[in-house]
Each structure stands twice: as C-alpha cells, then as structure tokens.
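Put together the whole structure using the sequences plus the hints.
Take any residue in the sequence shown, note its place counting from 1, add 3, and you have its number in this note's numbering.
Incorrect hints may have been included.
[What the hints assert, rightly or not] Now the in silico label distances, taken between C-beta atoms and shown as ranges:
1. 152 to 76: 18 to 28 Å
2. 151 to 51: 18 to 28 Å
3. 131 to 96: 22 to 32 Å
4. 73 to 187: 42 to 52 Å
[Claimed, not checked] Computed cross-link-like contacts, EDC-like style, restricted to lysine to aspartate or glutamate with a CA-CA straight-line distance of at most 16 Å:
5. 172 to 135
6. 36 to 154
7. 75 to 162
8. 172 to 162
9. 67 to 12
10. 36 to 54
Keep in mind that the hints were calculated from the coordinates and are not lab data. Note that CB positions come from ideal geometry on N, CA and C, so glycine has one too.
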Amino acid sequence: MAESEPADEALIASYLRGDVGAFDRLYRRHDRKTFAFVRQMLHPTDRATVEDLHQDGWLAVAAKASSFAPGKARFSTWLYTVLRNQVLDHLRGRPSRPAGDDDVDPDGLASGVLAPERALAGKRLVEAVERELMALSVEQREAFVLFTVVELSLAELAEVTQAPLETAKTRLRYARDALRHRLRAWRDG
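Shown next as structure tokens:
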C-alpha cells in the first residue's frame with residue numbers, strides 16, 4: 004500500500020459516513036486475496052458458486068460494516084472472519100463430495116506459455132495440491148489458506164478462526180505436515 008493510500012480502517016470509517024467510493028477502494032485492495040480464500044476453501048466447486056459466495060461475502064461485509072471495531076481488531080482480521088462465516092455457512096448447507104478429475108479449475112492451471120510437457124506437469128501438480136488441500140479437515144485447510152494465501156499472522160489466524168493461538172498453530176502444523184507427506188512424490192520426483 005502506498006503511503007498516500009488511506010489505511011483500511013480509515014476507508015471503512017469513510018464508508019460508514021456515506022463514502023461509497025471508500026468501500027470500492029477496500030474491495031479493490033482485498034478482492035484478489037478474498038477470492039483466493041473463498042476459492043481454496045470451496046474447491047472443487049464450480050466457479051459460479053465461488054463467485055456468488057465471494058460476492059455474498061462482500062455484501063455481508065457492507066451490511067456488517069458498522070460492527071467493525073478498529074480498536075478491537077485489524078480490518079483484515081474482521082474481513083476474513085466475515086468471509087469465513089459465509090464459507091462455513093455454505094459448507095454446512097451442502098453435502099461434501101470427494102475431488103474428481105472433472106473438478107479442475109482452469110484458473111489454477113499452469114500458463115500455456117510453457118512447453119507442453121511443463122504445462123502438463125504444472126497442471127498435474129496444481130491438481131494434486133488442490134486435491135490434497137481438500138483432503139484436509141476444514142479447520143486445517145482454512146488455517147493453511149489464511150496463513151499461506153491470505154498471509155495473516157498466527158495471531159490473526161487464531162482470531163479469525165476463534166481458536167486459541169496454540170490450536171491455530173497446531174492446525175497449521177498438521178496441515179503443512181499432511182501436505183508435505185502427501186505431496187512428497189512431487190518434491191522427491
């Protein structure tokens with residue numbers, strides 16, 4: 004964020020005073036990472052469902068903006084708490100199904116600029132990582148995604164997931180260990 008850019012907390016305060024443009028700036032600032040969070044938590048799910056849930060999450064952020072307390076948490080922590088609740092509500096409302104070959108998200112595939120063999124290997128690695136990520140428990144998957152993709156600190160991860168710090172650390176460690184073990188063929192191969 005450039006020095007001239009206002010902090011998230013200032014933007015949400017401006018939005019609450021009626022500045023819709025401030026909310027747009029917040030959305031643009033966090034859109035990519037929030038979409039990645041929702042996508043990784045829901046994969047394999049069709050892109051339309053991910054987009055709908057991402058949009059619903061941001062609508063919830065707008066509706067609940069007045070509940071944000073700057074002295075209590077950082078905006079990003081509060082934001083991912085709202086999005087996490089949306090995702091968990093969605094997950095509770097649908098039966099889970101194992102990942103299959105037809106569940107590949109084209110956005111996660113390797114660039115077509117690579118040589119065909121490398122592109123195919125990259126595609127297979129992405130599929131393997133996504134498949135193994137979905138094999139984790141929801142708690143471990145969200146810990147891994149929030150820490151690795153969203154880049155929250157361990158303290159923020161614990162706050163978003165409403166878990167003690169040691170529990171958040173343990174979930175992240177178990178997720179990393181499981182992924183490392185399950186993907187060892189890619190690392191060693």
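Evaluation of the provided hints:
Checked against the hint of 18 to 28 Å, the pair residue 152 and residue 76 passes, with Cβ atoms roughly 20 Å apart. The hinted range of 18 to 28 Å is satisfied by residue 151 and residue 51, whose Cβ atoms lie roughly 25 Å apart. For the pair residue 131 and residue 96, the supplied restraint of 22 to 32 Å holds, since their beta-carbon distance comes to about 28 Å. Checked against the given bound of 42 to 52 Å, the beta carbons of residue 73 and residue 187, roughly 44 Å apart, stay inside it.
Under the criterion of a C-alpha separation no larger than 16 Å, the hint pairing residue 172 with residue 135 is inconsistent with the structure, at around 19 Å. For the hint pairing residue 36 with residue 154, the CA-to-CA distance comes to about 9 Å; that is within 16 Å, so the pair holds. Distance check on the hinted pair: residue 75 and residue 162 sit about 11 Å apart at the alpha-carbon level, within 16 Å; holds. Proximity of residue 172 to residue 162 is assessed by CA-CA distance (about 12 Å); at most 16 Å being required, the pair is judged to hold.
A C-alpha spacing of about 14 Å is found between residue 67 and residue 12, which places the hinted pair at or below 16 Å, so the restraint holds. Distance hint between residue 36 and residue 54 is fulfilled; the C-alpha atoms sit about 13 Å from each other, no more than 16 Å.
Comparing the model with each numbered hint stated earlier shows that hint 5 is the single one that does not hold.
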